[in-house]
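J.: From first to last, the protein sequence lines are chains U and A.
Position one of the first sequence corresponds to residue 2 (our numbering), numbered consecutively onward.
Position one of the second sequence corresponds to residue 372 (our numbering), numbered consecutively onward.
These are calculated hints, taken from the structure and not from any lab test.
Hints may be right or wrong, so weigh each one.
Residues of chain U clear of chain A, computed beta-carbon distances all greater than 10 Å [what the hints assert, rightly or not]:
| # | residue |
| --- | --- |
| 1 | T282 |
| 2 | P324 |
| 3 | N390 |
| 4 | D412 |
| 5 | K469 |
| 6 | E534 |
| 7 | F606 |
| 8 | K617 |
| 9 | H622 |
| 10 | E629 |
Under the rule of at most 27 Å between Cα atoms (straight-line distance), these lysine-lysine pairs were calculated in the DSS-like manner [stated by the list, open to error]:
| # | chain 1 | residue 1 | chain 2 | residue 2 |
| --- | --- | --- | --- | --- |
| 11 | A | K450 | U | K373 |
| 12 | U | K373 | U | K88 |
| 13 | A | K518 | U | K88 |
| 14 | U | K491 | A | K373 |
| 15 | U | K367 | U | K384 |
| 16 | U | K541 | A | K373 |
| 17 | A | K509 | U | K16 |
| 18 | A | K509 | U | K384 |
| 19 | U | K544 | A | K418 |
| 20 | U | K185 | A | K476 |
| 21 | A | K389 | A | K518 |
| 22 | A | K509 | U | K558 |
| 23 | U | K21 | A | K509 |
| 24 | A | K518 | U | K373 |
Even glycine gets a Cβ: it sits at the ideal position worked out from N, Cα and C.
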Amino acid sequence: MILDSKIPTGPLDQKWGKYKGDAKLVNPANKRKLEIIVVGSGLAGASAAASFAELGYSVKVFCYQDSARRAHSIAAQGGINSAKNYKNDGDSVHRLFYDTIKGGDFRSREANVYRLAEVSTGIIDQCVAQGVPFAREYGGLLDNRSFGGSQVSRTFYAAGQTGQQLLLGAYSAMMRQVGLGTVKMYGRHEMHEVVTIDGVARGIIARNSVNGELERHFGHAVVLATGGYGNVFFLSTNAMGCNVTAAWKAHKKGAAFANPCFTQIHPTCVPVNGDYQSKLTLMSESLRNDGRIWVPMHKEDCKKDPRQIAEEDRDYYLERKYPSFGNLAPRDIASRAAKEACDEGRGVGESGLAVYLDFADAIKRKGYDAIKASYGNLFDMYKHITNENPYEIPMRIYPAVHYTMGGLWVDYELMTSVKGLYAAGECNFSDHGANRLGASALMQGLADGYFVLPYTIGNYLAGEIFTKPIDLNHPAFVEAENIVKERFNKLLSIKGTRTVDDFHRELGKIIWDYCGMARTREGLTKARVMVQELRAQFWKDVKVSGTTDSLNPDLEKAARVADFLELGELMIVDALTREESCGGHFRTEYQDAGEAQRNDELFAFVSAWEYTGDNKDEILHKEQLVYENIKLQVRSYK
Amino acid sequence: MKFTLQIWRQANNKAQGKMVDYQIDNINANMSFLEMMDVLNDQIIRKGEEPVAFDHDCREGICGMCSMHINGRAHGPLKLSTTCQLYMRNFTDGETITIEPFRAKAFPVLKDLIVNRGAFDNIQAAGGFISVSTGQVKDANNIPINKEDADMAFYAAACIGCGACVAACKNASASLFVSAKVSQYALLPQGQTERNERVLAMVNQMEVEGFGSCTNTGACEAECPKGISISNIARMNRDYISAAISAK
Ligand SMILES: Cc1cc2nc3c(=O)[nH]c(=O)nc-3n(C[C@H](O)[C@H](O)[C@H](O)COP(=O)(O)OP(=O)(O)OC[C@H]3O[C@@H](n4cnc5c(N)ncnc54)[C@H](O)[C@@H]3O)c2cc1C
Ligand code: FES
Numbered sequence: 002m003i004l005d006s007k008i009p010t011g012p013l014d015q016k017w018g019k020y021k022g023d024a025k026l027v028n029p030a031n032k033r034k035l036e037i038i039v040v041g042s043g044l045a046g047a048s049a050a051a052s053f054a055e056l057g058y059s060v061k062v063f064c065y066q067d068s069a070r071r072a073h074s075i076a077a078q079g080g081i082n083s084a085k086n087y088k089n090d091g092d093s094v095h096r097l098f099y100d101t102i103k104g105g106d107f108r109s110r111e112a113n114v115y116r117l118a119e120v121s122t123g124i125i126d127q128c129v130a131q132g133v134p135f136a137r138e139y140g141g142l143l144d145n146r147s148f149g150g151s152q153v154s155r156t157f158y159a160a161g162q163t164g165q166q167l168l169l170g171a172y173s174a175m176m177r178q179v180g181l182g183t184v185k186m187y188g189r190h191e192m193h194e195v196v197t198i199d200g201v202a203r204g205i206i207a208r209n210s211v212n213g214e215l216e217r218h219f220g221h222a223v224v225l226a227t228g229g230y231g232n233v234f235f236l237s238t239n240a241m242g243c244n245v246t247a248a249w250k251a252h253k254k255g256a257a258f259a260n261p262c263f264t265q266i267h268p269t270c271v272p273v274n275g276d277y278q279s280k281l282t283l284m285s286e287s288l289r290n291d292g293r294i295w296v297p298m299h300k301e302d303c304k305k306d307p308r309q310i311a312e313e314d315r316d317y318y319l320e321r322k323y324p325s326f327g328n329l330a331p332r333d334i335a336s337r338a339a340k341e342a343c344d345e346g347r348g349v350g351e352s353g354l355a356v357y358l359d360f361a362d363a364i365k366r367k368g369y370d371a372i373k374a375s376y377g378n379l380f381d382m383y384k385h386i387t388n389e390n391p392y393e394i395p396m397r398i399y400p401a402v403h404y405t406m407g408g409l410w411v412d413y414e415l416m417t418s419v420k421g422l423y424a425a426g427e428c429n430f431s432d433h434g435a436n437r438l439g440a441s442a443l444m445q446g447l448a449d450g451y452f453v454l455p456y457t458i459g460n461y462l463a464g465e466i467f468t469k470p471i472d473l474n475h476p477a478f479v480e481a482e483n484i485v486k487e488r489f490n491k492l493l494s495i496k497g498t499r500t501v502d503d504f505h506r507e508l509g510k511i512i513w514d515y516c517g518m519a520r521t522r523e524g525l526t527k528a529r530v531m532v533q534e535l536r537a538q539f540w541k542d543v544k545v546s547g548t549t550d551s552l553n554p555d556l557e558k559a560a561r562v563a564d565f566l567e568l569g570e571l572m573i574v575d576a577l578t579r580e581e582s583c584g585g586h587f588r589t590e591y592q593d594a595g596e597a598q599r600n601d602e603l604f605a606f607v608s609a610w611e612y613t614g615d616n617k618d619e620i621l622h623k624e625q626l627v628y629e630n631i632k633l634q635v636r637s638y639k
Numbered sequence: 372m373k374f375t376l377q378i379w380r381q382a383n384n385k386a387q388g389k390m391v392d393y394q395i396d397n398i399n400a401n402m403s404f405l406e407m408m409d410v411l412n413d414q415i416i417r418k419g420e421e422p423v424a425f426d427h428d429c430r431e432g433i434c435g436m437c438s439m440h441i442n443g444r445a446h447g448p449l450k451l452s453t454t455c456q457l458y459m460r461n462f463t464d465g466e467t468i469t470i471e472p473f474r475a476k477a478f479p480v481l482k483d484l485i486v487n488r489g490a491f492d493n494i495q496a497a498g499g500f501i502s503v504s505t506g507q508v509k510d511a512n513n514i515p516i517n518k519e520d521a522d523m524a525f526y527a528a529a530c531i532g533c534g535a536c537v538a539a540c541k542n543a544s545a546s547l548f549v550s551a552k553v554s555q556y557a558l559l560p561q562g563q564t565e566r567n568e569r570v571l572a573m574v575n576q577m578e579v580e581g582f583g584s585c586t587n588t589g590a591c592e593a594e595c596p597k598g599i600s601i602s603n604i605a606r607m608n609r610d611y612i613s614a615a616i617s618a619k
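In isolation and in its complexed conformation, chain A is listed as follows:
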């Protein structure tokens, strides 16, 4: 297969970026998208130029490191997959593919396709935990949990923190990410004690970090590689309102 690639190149955080065209040929349909990028970079390096910088690590859809906006969509055309889970057979021979970084005010570009998602860590540090220190806790089976609740908590907890929800949202809101964490704990008995403080702290931090607000377009759910449900946002909003009232 062969492709024309239009890739965002930006030397560093302060530099002006632009789209640059590359031609690539002899691509095997069973290659992963990132392996295609490896081949491209190999060619660029051999020419003595600087390869395209992009984030990646596990290459199996779980670490959340890869983060490309491909043909105008976060993680590209395939539903329920990350960039690293795309294969060239998911594209058409001869196609022009545009590759850009995830765009959001709260995710500044560091270089080429690499962005800074530190804002997510800050939100987590603000309240995304259950305050229990290592050591004296009860026997695990002393906290029976209804299987349905446990499963729902797991589905919310499956978020990989990649930021596709933010990139997909026209308001660059982080509501899906934040609500997934809020919901995981809200659905479990262990999470009840701090339920109010948690939702207030995390939502406030989300605003501090410069994410936009949610207008329920559902774009986040549609692009989430892990299928995190937008119903988590509704749960977060309910919790937030009731916590805000009881805090007064």
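One chain only, chain U, in its complex shape:
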């Protein structure tokens, strides 16, 4: 496998312009004959599908939910970044670029990140034109707030429902095309194989989850926009159905998987309540604009009513350790600091695995109404879950798995290492390095879909105008469908003793304990064996109910967990291989008094893994990261 990132030559700020100027075009009459498959209808998928159809391509979109509008992007709360500099506070494309590279602990590509910052301004314009009701100031102009890891206010938002509003904007643009007949929507369809012919992506196999039928679909190009794999941890802030299946199947067909160990643990989530817990709920990072994070100075105070603990007996540890960013320190750093405080025995709540997020000062300073206006729905959500009123008593929060920076390796054009197969949004690895800054995933998803793919896919499809739609009885389609069929039959035939959730929970615990917020060589080595054993046991002892030819959520879940059991091992192997600490990847052996210690000499690369066969070691390819415009520095927020 040879990985070519295809980064255009020339000065950083001219690369994208030059690329667009040189890209091949497809004439309108030919576009109609070209078919594109988009798997996923989140921000990345819906925006791409709408834009492709507007350009004139024929598009098919798949999602596992009943409606495209329910993709997991809907749950994003806090906001979306853009280098508009409407606040006149010193923001610029360059500053957003720099913050993102630094936020990612210098493990992402300069050219991709620069392009992201460049197109970020157009996203806001596009969304407003679609009628996305962003928050506004009294003068009628758009409002902004701050997110972690930056010192400017560049985050656009719609109360605590920004993802919902952006997704409904993209969804409405896509549904307009559905009405026009240029997009065909396949809800309740799950992709289970990529079909390749001579190493080129030519379609997919999808299962209609209502009747269990397997369907073959041809495309001149296939775009995966299937989101992140955070659910490998069992407990995460992701929706229950989020999965790695599509990306993993692409990986097995030759798409390199990049930086799988780079996962983001978000510092502010509602803590785990009991062992029946099915998922965790995020409390948006925007809360850190006004909330102050603390734990008691003394262990003895941990069980006291927080309101009775005197000011001098509180440790506002982020403000203390990182005075220039304070409560807005980036996520990886804030999460680790919370873990440290709890490990020292200063955690609060019943489990001792929580810290306070306190709004008392903010309510005093700004007033109850102002706080309610900014965070009302988040406070309500917290109250719903915990039965406690955050206007009166500090929230209790703890870090939880939230986002995966790793994903399918893509080049500058967002093409994977399989020709004609693209990956966009959270399912690719491209822009966030070892840690993503808040409000940047929505930005990336929409950048990929609205502004990057529409250009880059044309450059590829220009060479496809003579390819006739391939017969669905082609052996490649038949074989791919058989693989899926056999797999489902196998899952149902085991009739073992342990449920799918049993296995998933156990896998999640292994990954969380050994490949979570702190990782060691010893722990990872042990965990690898544990995952291998668990996987073997799964295929011997799993109990899946129902049949293949009906609506069967248990079977769908089993297929997803089977893939997580393979991905989990690769995450561990990747974490073992990366003998440094950077961003969310904290190897206890490599630290400087609790701060991550990078090793740029040996590890300034993207790890891209090549699949070699079931239960075989994968091959590591290194894409060296070249920094021409910024100097690698120790990442400090002090």
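Could you slot chain A with the ligands onto chain U? The hints should help.
T.: Structure of chain A with the ligands alone, referenced to chain U:
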């Protein structure tokens, strides 16, 4: 806590369905309703039977996927919440809880508690958008919008498309859902150009899909987990009449 659950079981779209009783014990009050359903399904699977199929995804009240009719109410007893936002502490120990799918002609049952809400997507495709393609649009701040209008548009846009309004309505009308989308755009300057065509197309599609008509009972507003206001329906009706007149 312990409960008797009476749950609608239906093998598929064509099968005859019926209520089936289940007993469940050792339920923690802080469990969410869907976690209680997980526990039930776990027990059913271990017995070798088919678990209860239900829709859910985000489990935080925003995706609109969950859709249970609990004790005769869409999304159960708690105001302003979805099924996934219910906790067992919202019920009484020993209670009998009935759980059914959302019922409406336009929402056929696919299996157990899962219904097909594709009709909503069809209404959206008929006109629920502003026709602007990706690319050359104005700078966002060139369209100043009065904060009050922007906020009102946002409240309407907060609809999660769950269908509780339809399930709660004795006529199975989709007026609250449709009017929320119509209003969002009607309140914004960007939405004015297509205002008439939009309301006509969406309302007509609503009828084509087999939803009933609105008789202003207000049941939809009362059960809406997002508190979408019935005043949107009045706005839609006004717009519809004036659009119909100007179309003649
Ligand atoms: C609770 C929460 C809050 C967040 N808040 C913010 C925020 O404030 N700002 C920010 O920038 N980011 C935020 N994020 C991150 C951000 O929401 C996501 O990274 C982003 O929305 C992902 O978009 P996507 O389009 O890549 O994928 P998704 O929105 O996850 O969509 C994936 C799509 O793929 C489909 N799919 C998946 N697998 C298959 C398959 N096998 N077959 C068929 N279809 C499939 C799904 O049906 C879905 O349509 C948040 C994330 C969470 C969990
Ligand atoms: S599961 Fe998403 S709203 Fe209930």
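J.: Going back to the hint list, which numbers does this structure go against?
T.: Violated hints: 1, 14, 16, 18, 21 and 22; rest satisfied.
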